[in-house]
Amino acid sequence: MKTPPAPARTLPAIDNDNRAYWTGGEHGRLMICRCGHCGYYVHPPVPFCPQCESSDVAPEPVSGRGRIASFTVNHKVWVPGLAAPYVLALVALDEQEDVRLVCNITHCDPDAVRFDMPVVVWFENHEDLWVPFFRPVEQAA
Amino acid sequence: MTTYAEKNTAITGVGMSEVSRGATKSALALTVDAAMAAIRDAGLTRAEIDGIATWPGEQANASGFSAVGCAALQDALRLKVGWYAGGGEAPGQYGAVFNAIGAIAAGLCRNALIFRTMYEATARKTAFANSLLKTGERQSGPFAWYAPYYTYAASLQQALFFNLYVHKSGIRPEQVAQVPINQRRNAGLNPNAVYRTPITLEDYLASPLIATPLRLYDCDVPCDGAVAIIVSRMDVARTLRNPPVRIEAIGSSMQYRNSWTQLDALDTQAQPKVAEMMWSRTDLRPADVDIAQLYDGFTYHTLNWLENFGFCERYGAKDFIEGGRRIALEGELPVNTGGGALSGGRLHAYGAVHEACTQLWGRGGARQVKGDPQVCATSTAGGPLAGAMLLVRD
Chain E
1466 MKTPPAPART
1476 LPAIDNDNRA
1486 YWTGGEHGRL
1496 MICRCGHCGY
1506 YVHPPVPFCP
1516 QCESSDVAPE
1526 PVSGRGRIAS
1536 FTVNHKVWVP
1546 GLAAPYVLAL
1556 VALDEQEDVR
1566 LVCNITHCDP
1576 DAVRFDMPVV
1586 VWFENHEDLW
1596 VPFFRPVEQA
1606 A
Chain Z
123 MTTYAEKNTA
133 ITGVGMSEVS
143 RGATKSALAL
153 TVDAAMAAIR
163 DAGLTRAEID
173 GIATWPGEQA
183 NASGFSAVGC
193 AALQDALRLK
203 VGWYAGGGEA
213 PGQYGAVFNA
223 IGAIAAGLCR
233 NALIFRTMYE
243 ATARKTAFAN
253 SLLKTGERQS
263 GPFAWYAPYY
273 TYAASLQQAL
283 FFNLYVHKSG
293 IRPEQVAQVP
303 INQRRNAGLN
313 PNAVYRTPIT
323 LEDYLASPLI
333 ATPLRLYDCD
343 VPCDGAVAII
353 VSRMDVARTL
363 RNPPVRIEAI
373 GSSMQYRNSW
383 TQLDALDTQA
393 QPKVAEMMWS
403 RTDLRPADVD
413 IAQLYDGFTY
423 HTLNWLENFG
433 FCERYGAKDF
443 IEGGRRIALE
453 GELPVNTGGG
463 ALSGGRLHAY
473 GAVHEACTQL
483 WGRGGARQVK
493 GDPQVCATST
503 AGGPLAGAML
513 LVRD
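Quick mapping for you: the protein sequence lines, in order, are chains E and Z. Quick note on this note's numbering: the first sequence kicks off at 1466 and runs consecutively. Quick note on this note's numbering: the second sequence kicks off at 123 and runs consecutively.
In short, the hints are calculated from the structure, not lab data. Where hints are given, some of them may not hold.
Unchecked claim - Restraint-style ranges between C-beta atoms, simulated for each label pair:
1) E398(Z) - V1602(E): 35 to 43 Å
2) P1526(E) - D386(Z): 23 to 31 Å
3) G258(Z) - R1530(E): 31 to 39 Å
4) R260(Z) - R1579(E): 28 to 36 Å
Quick reminder that beta carbons are idealized off the backbone N, C-alpha and C, glycines included.
All chains, please: the whole structure from these sequences, using the hints.
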């Protein structure tokens, strides 16, 4: 019996606000919108700062590091070929706690994922996009 | 003194179609059954219905999530209305009720027919209707942020938030289990419930893990069915056959960021502010509440609402429901007395309103709460959208 291939990942529709987020990975950069006036990170991206009302808001690279704000270990095989268990998570960026990114946590046993675990971004190319994923930060030996 | 518009309205009739895991009737036929039952229950005629509302309005897709809208029902019943509304951007499923309260206050109608139709059981026999992802299509809107990450269903997406609640509250699976066990017991006494066979703690613990911490028995049951209620202006309500179930107070606010991922409080969701608003519009207090019909799309919503309404302290639900005695039909606060969506069927918060009125009118039969309950707190939804109502029978 043939193993069905992993299901295709559904990709987001791209517009002028979110393009940098979904394409910055081509150059290894996680791009988050930031206010040029007060420094507040605006996510989801929109060219308006809710802190200071400035329109001087543009994507800029961040560290790509964050902590797991919450997560779930999915066990159900929703479609043929889906490799379970896998981890769906919300990562709070180190730069600003209320920038929370949906992702899968990879390179790690799902049962080893913990709240507040430090993680770092990596990217996978799908069609014209570079999808951000996160993996645990390697512990120093 | 501020006058709140909801205090000039009351529920005067309710109706429910047959509810099943696969109907022979169409979604519209079920809706007609529920609507005519509600109109007759109120002692009204079709000619006296002058407003109509639903949530979220007709969705012409295969999901069964909202197969019937105002237009289809208006035409089927040949209603002549002064006002109608169906739309999803509202404080949860009760948005249709809150809109009707405004319409009555504005003089647009006197007797509003409000309904919710689900046809998800049939839909799922033919398609993976639960999927939040559209294969082969690029995803737009807020859900695009989840799209590439195999977020196939609401249970998986919402487990993200429930897991944090478990982490912060320290609740154990044996405690959570009291919610579905209690509701299945209540459903056993409700002839219209979908699942009526009792379940035990062992059954709960043995039910498949969907996404931690959610097990199968934490999830509501997709069904085919419709509920209708009549909301009338108070002076009209007092002339009708049922004692008015007054809408004493509502909570409809959006005080937090309207985003699942950026909510101020990821684990308690938007409900605390909504409950706070409801209590700010009444002199009644949590101790005055006789019964509660709390949203149970997932068990964790019910736990959240117990805390958010103030029936127990924050993260105190685990102790409140321990052993299941307080929330049982004989307990100090009977919860989801007809089986709720977990066992009665996912009628999406309108099953809860129907059950509230059933109890307040003393029609509960074998599941009737003793002591003539008069005050019911009811709630809907979670995440960034939520609504609450306090209902009081005259």
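Evaluation of the provided hints:
1. E398(Z) - V1602(E): 35 to 43 Å: 39 Å, holds
2. P1526(E) - D386(Z): 23 to 31 Å: 27 Å, holds
3. G258(Z) - R1530(E): 31 to 39 Å: This hint holds: roughly 34 Å between Cβ atoms.
4. R260(Z) - R1579(E): 28 to 36 Å: 33 Å, holds
The structure is consistent with each of the numbered hints, conforming to all of them.
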